Structures are given as C-alpha cells and as structure tokens.
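*Asks:* All chains should be modelled from the sequences, with the hints used to inform the complete structure.
Protein chains in written order, with this note's numbering: chain W, 2 to 268; chain X, 197 to 553.
Hints in this document: simulated from the structure, not taken from any laboratory. All of these numbers come straight from a predicted model, not from anything done at the bench. Beta carbons: idealized from backbone N, C-alpha and C, even for Gly. Do not take every clue at face value.
[Said to hold, decoys possible] Heads up, simulated DSS-like pairs for lysine-lysine below, C-alpha to C-alpha not over 30 Å straight-line:
id	chain 1	residue 1	chain 2	residue 2
1	X	Lys292	X	Lys343
2	W	Lys133	X	Lys272
3	W	Lys56	X	Lys553
4	X	Lys466	X	Lys535
5	W	Lys133	X	Lys361
6	W	Lys47	X	Lys401
7	X	Lys363	W	Lys56
8	W	Lys133	X	Lys553
9	X	Lys535	W	Lys47
10	X	Lys535	W	Lys48
[What the hints assert, rightly or not] Anything over 10 Å on all C-beta distances counts as not near chain X; from chain W, calculated:
id	residue
11	Ile97
12	Leu106
13	Tyr118
14	Ala120
15	Val196
16	Val247
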Amino acid sequence: MKSNSRNLYLIPYIIWIGLFVVTPILLVLYYSFFDIEGHFTIDNYKKFFTPVYLKMIFNSFWYAFLITLFSLIIAYPTAYLLTKTKHKQLWLLLIILPSWINLLLKAYAFIGIFGTYGAANSFLEVMGIGSKQLLFTDFSFIFVSVYIFLPFMILPIFNALDELNPSLIDASNDLGASPWTTFRRVIFPLTLDGVKSGCQVVFIPALSLFMLTRLIAGNRVITLGTAIEQHFLVTQDWGMGSTIAVFLIIAMVLIMVLTGKRKRGIL
Amino acid sequence: MKQLTRALIAVLIISLILIITVNKLNSAQGYSGGNTLTIFNWGDYIDQDLIKRFEKETGIKVIYETFDSNEAMLTKIEQGGTSYDIAIPSEYAIDKMIKENLLIPIDHSKVPNLKYIDPRFMDLSFDPKNKYSVPYFWGTVGIAYNKAMIGDIEITSWDDLWDPKFKNQILIVDGAREVMGMSLNSLGYSLNDTNEKHLIEAKEKLDLLTPNIKAIVGDEIRMLLETEEAGIGLVWSGVAQEIMWENEDVEYVVPEEGSNLWFDNMVIPKTSKNPEAAHQFINFMLDPEIAAQNTEYVGYSTPNKGALEYMDEEVISDERFYPDEELTSKLEVYENLGKRMLAYYNDLFLEFKMHPK
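*Replies:* Written out as structure tokens, the structure reads:
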C-alpha cells in the first residue's frame, strides 16, 4: 500500500520527464535523418563531417574551454576569499545578483561599455594607452561570457570550500606542510567535486552560446549554437539543425561521464 | 499534504478570478468576437494614431501584434492557432504563402482606394494581378556611410567597399540574401542567380572583403551606425533613413551595379476571423491622406501615388528614397529560390562568416 501510493506520486514526474525531456530528444534524433525536402537521408551526418562544420566544432570547444578556464581562475580565489569573510551570505547574494538580470540586457550594456566611445575606451584614453577596438573581438567575447557564467562557477566551489572541515587544514599545518602544499594536497583535492560541477555548468552552455556571438563578437566567432539557430530560423533546414543538436547532446553526455567518474573514489 | 492541497486550490481560485476579470475587461472595451481586427506587423511600422482613428471611424477594435522576421511570422501563421486578420510580410514570403495556400484572395471591389497605388508597384512577379496582396511600403538595399568618418569620399558602387582604405570600417546585416546579393551584383550577376559557379565566385569575392568588415550584426546595426561605431553599413533604405534622422553626417546610396528592391504588402491570412474588417482596414490605409501621415511617421517609401501630394516636396524629390524609374528598373526583387537554394545561399554565407580575418 505504501509503495503503491509512492508510485502514484511519481506519475506527474514521469509524465513531465517523458513529455519534456525524452520526447524532444527523440524528436531531435528523428528530424536529424531528414533532408530539407523531408526525404529520409543520412547526408546530414555526412555534411557534419566536412571541414566547415569540423572547424566550427573546434571553434566551439576552444572558446568553451577558454571561457571555462578563465571562469575557474577567477572563481576559485573569489570563492576562497568568500568563505573567509564575515557576512558570507550577503557577499554571495551580491555575486549572484547579476544573474537575475536578463542576458540580453547585459549584452546590450556591454555593447555600450566596449564601444568605440564607450566607458572602457575612455578609461584607456585617460590611462594614456589610447583607445582600442574592444567590441567585436575575441577578448570582448570571452570577457562577457566569463562575466555571465562566473556566478555558476563560484557557487559550487563556494559550497565545497564551505563544507571543508577546518581541522583538516590545521592538521596539515601542524604536520609541517607549507601553505602551498596544504592547498595542493588537502584543500584542492577535497573541493574537486565543486570544481567539476562548476566546470560542467559553465562548459556545457558555453559550447552552444549563440546570441553573444552576434551581439558581442559580431559573428566573427561562429559556434555550433549559431549554426543551429540559423538552420531552424532562417533556412528552415531542421534536419541539419537537429544533427548538430544530436552531436551536442552526445558531447555533453560524454563530458558528464568523464567528469563524473572519479566521484566514487572520493566518496 | 493538506497544506499542498490548500495552496493548489488557492492558485486555482486566483487563476479563475483573473481569467474572469480579463474577459470582463475585454468585453467592456469592446474586444468581443466579431468586432475585432488582429494585425500582425513588423515592430514600429505603423503610426499608432492611425489605429485609433480607424477604431473611431469604424467601431472595430484593433489588436496589434508584432514580429521581427518574415521567417518568424511564417512559422507562426503556418502552425495555425492564430487568428490574424492582417499580416504585412515581404515579397518572397508572400510568394511562399500563396504557394502554401495560406492567404485569402483580396476582393478588389471592397478596396476602391487601390486606384491610388502607383502602377509601377502593381502586378509584380510574386503576386500577379495583386490577387492576394496590396503594397504597403517599399524600399531598397544600399550603403549608408558617414562622410565625417571616412573622409570626403563619395561611395557610388558596391566595388568601392573592397577598397583597402576602409579596413575594419564596414558593418553588414546578418542576412544571407542581402550579403550574397551584394557580392553577386558587384560581379554583374543577378541577385537571384542560382548558378553554383557564380555563387562560389561571389562567396570567394566576399572572403576578400573580410579585412574591411568590422562585424556582421542584426538590428543593432542602426544603433551602431548612429553612434559612429563604424563608418559604412550595408542596410535597408528605411534603416538608413532612421539613421540619417539621428546623424546628419550619414549618406545613403543605392549602388550603380544594381541592388534589391523590396516590398512589404498587406495580406489576409486564411486564419482570419474577420475578413470584412480586414478589407476595410486595407482600404483605410490606402487613403492618400492617411498613407501620407503613416509614411511621415515610418520613414520608408510609400507606393501610394495619391499620398505624394500630401507630402513634403523635399521628401518625395529625394532620389535616394524615391528613385526614378530609370534606377528602379535596374533593381531586382528577391525571388523565392526554393528551400534547397536558400539553404545553399546560407551555407556559403556561413562559410564566409567563418573565413578568418
């Protein structure tokens, strides 16, 4: 009786997963086998392995890697300092606050800041460096992406650091380890889980970024996300768009498996 | 559990109350079945005062919705579930809608004001005899350039853009047809060319333009050119007009090799619930005085010959926005190339975007 009613509660969840997770993925897979005129074909997959799309895959991974790397470099020390502050929750809230603002709004703000006559360039003028082209460069693209993804990287790392038992650090110090060794051998391995989930949360969406590539990078950076958007909205080649999406899904599953594996060892 | 049930019931009750209030409000304002007209238009593409005037004169209530691309509009009407009485797509989209049987023929006897439309803009290839559509605005694709920024150089042709002195100075719109069309025209081909050799040649010529291109952008192009982020832009005439209202240094030119001539026409989708009112609205918008007022607000070129009499002499004699027949005969209207060719255009455009700087 008890397990029966428990199963009953599962029904809405199963319906939800079935309708909004499983069905769409199957539909994407299904559409990827049709060409633009609705004939069954595997040409989409053949086309996917031509130099144009291979280059696009490489670009997407490279930029997603850079975005994740820089997010991590900034997020780890920030999260570490956060755990040392007095009003932890307040600081955390302040860091998360920007993620409540619409992405498009932030992108438009950066167009203003990085523009030829924007705030960033006036600052460079005053500093005597002289104005530079910032907007529509790789730099601005990575900068804005890192800014947007940063809270998602800080949160899991902060949680991992916060849960860290301070007596372990004391023990390490007492046993004569230098601060660097303590960090390398004790703190970092114990917070690796947080780092991993942070990297997942940043890398996977960064792989399929599309709006920023136009607004901030001026279509000088073409990622798989841009191509999907174009195939669905402009050419209406749903087959090719789905093929790219299938590839992205496979890539994401692989990343999840690869970064999730070693969890057992730590537990 | 009890709390959950209570919360759910509360949500249901509130929703119910809201639905009833919305319905009440709508009927109080006259938005009830049979007496409304739903218009589906581009953003900021009509003088809102005219809608109020139409409501007052006819007693019909207007519901106004907007779209930002022909493709988005097409998808929404194709999917059904909408009840737009009027839509204002561009010519190639109209061609597609006619072929897919999405439009109701227009009863010309109910639109007497059709006589004011310039015959130049009637009976075009995408809709012979204007069976399904009535011209709303028209324009061209060309080059907007800032004289103060690029020096006192006069740009007259597409080929001028390839000049190395415009390094990193050009913004172009993110549209495969527009950009490939520019390159095809500069090579002397038609912008509806479907010869693969010509298209590849055009794409290779575009690759050579990359050092001059600062960015490939969407609607932001208007703001970026206004704020002098770049000196040159590939834009539609209406966008150029709006930039020129804001920035006096900007000039607009339709290149001598030829370019695109586009039309946005009013149509009545099949899903219309009130075709009678739709005809009334079309006839209302074609009234010369009203068309003139609308044109002054929107800034694009009106196809309404009668309206020109109510407009500023200075505006209508402006060759940049009201080119004479000699120039318009050199311009081409986009033809619906079919899905496969359009995909090929877009593939080439994508390759061009990925060409390293």
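*Asks:* Now look at each hint and say whether the structure bears it out.
*Replies:* Going down the list of hints, with the structure as the test:
1. A C-alpha spacing of about 40 Å is found between Lys292 (chain X) and Lys343 (chain X), which places the hinted pair above 30 Å, so the restraint is violated.
2. Using a Cα cut-off of 30 Å, the hinted pair Lys133 (chain W) and Lys272 (chain X) is violated, with the two alpha carbons roughly 43 Å apart.
3. This hinted pair checks out: Lys56 (chain W) and Lys553 (chain X) have alpha carbons roughly 15 Å apart, not beyond 30 Å.
4. Distance check on the hinted pair: Lys466 (chain X) and Lys535 (chain X) sit about 22 Å apart at the alpha-carbon level, within 30 Å; holds.
5. With a C-alpha separation of about 18 Å, the suggested pair Lys133 (chain W) and Lys361 (chain X) falls inside the 30 Å cut-off, and the hint holds.
6. Between Lys47 (chain W) and Lys401 (chain X) the alpha-carbon distance is near 27 Å, which keeps this suggested pair within the 30 Å criterion.
7. For the suggested pair Lys363 (chain X) and Lys56 (chain W), the alpha carbons sit about 25 Å apart, so the restraint of at most 30 Å is met.
8. For the hint pairing Lys133 (chain W) with Lys553 (chain X), the CA-to-CA distance comes to about 17 Å; that is within 30 Å, so the pair holds.
9. Restraint check for Lys535 (chain X) and Lys47 (chain W): the C-alpha separation of about 19 Å stays at or below 30 Å, so the hint holds.
10. A C-alpha spacing of about 17 Å is found between Lys535 (chain X) and Lys48 (chain W), which places the hinted pair at or below 30 Å, so the restraint holds.
11. With a cut of 10 Å on Cβ distances, Ile97 (chain W) stays outside the contact zone with chain X, its closest approach being about 27 Å.
12. Residue-level check passed: Leu106 (chain W) sits 14 Å from the nearest beta carbon of chain X, beyond 10 Å.
13. At roughly 7 Å, the least C-beta separation between Tyr118 (chain W) and chain X is not larger than 10 Å, which violates its mark as non-interface.
14. For Ala120 (chain W), the requirement that its beta carbon stay farther than 10 Å from each beta carbon of chain X is met, with the minimum near 13 Å.
15. Taking the minimum C-beta to C-beta distance to chain X, about 33 Å, the non-interface status of Val196 (chain W) holds against the 10 Å cut.
16. The claim that Val247 (chain W) lies off the interface holds: its Cβ sits roughly 18 Å from the closest Cβ of chain X, which is beyond the 10 Å cut-off.
When the structure is compared with the earlier hints, violations turn up for hints 1, 2, 13 and for no others.
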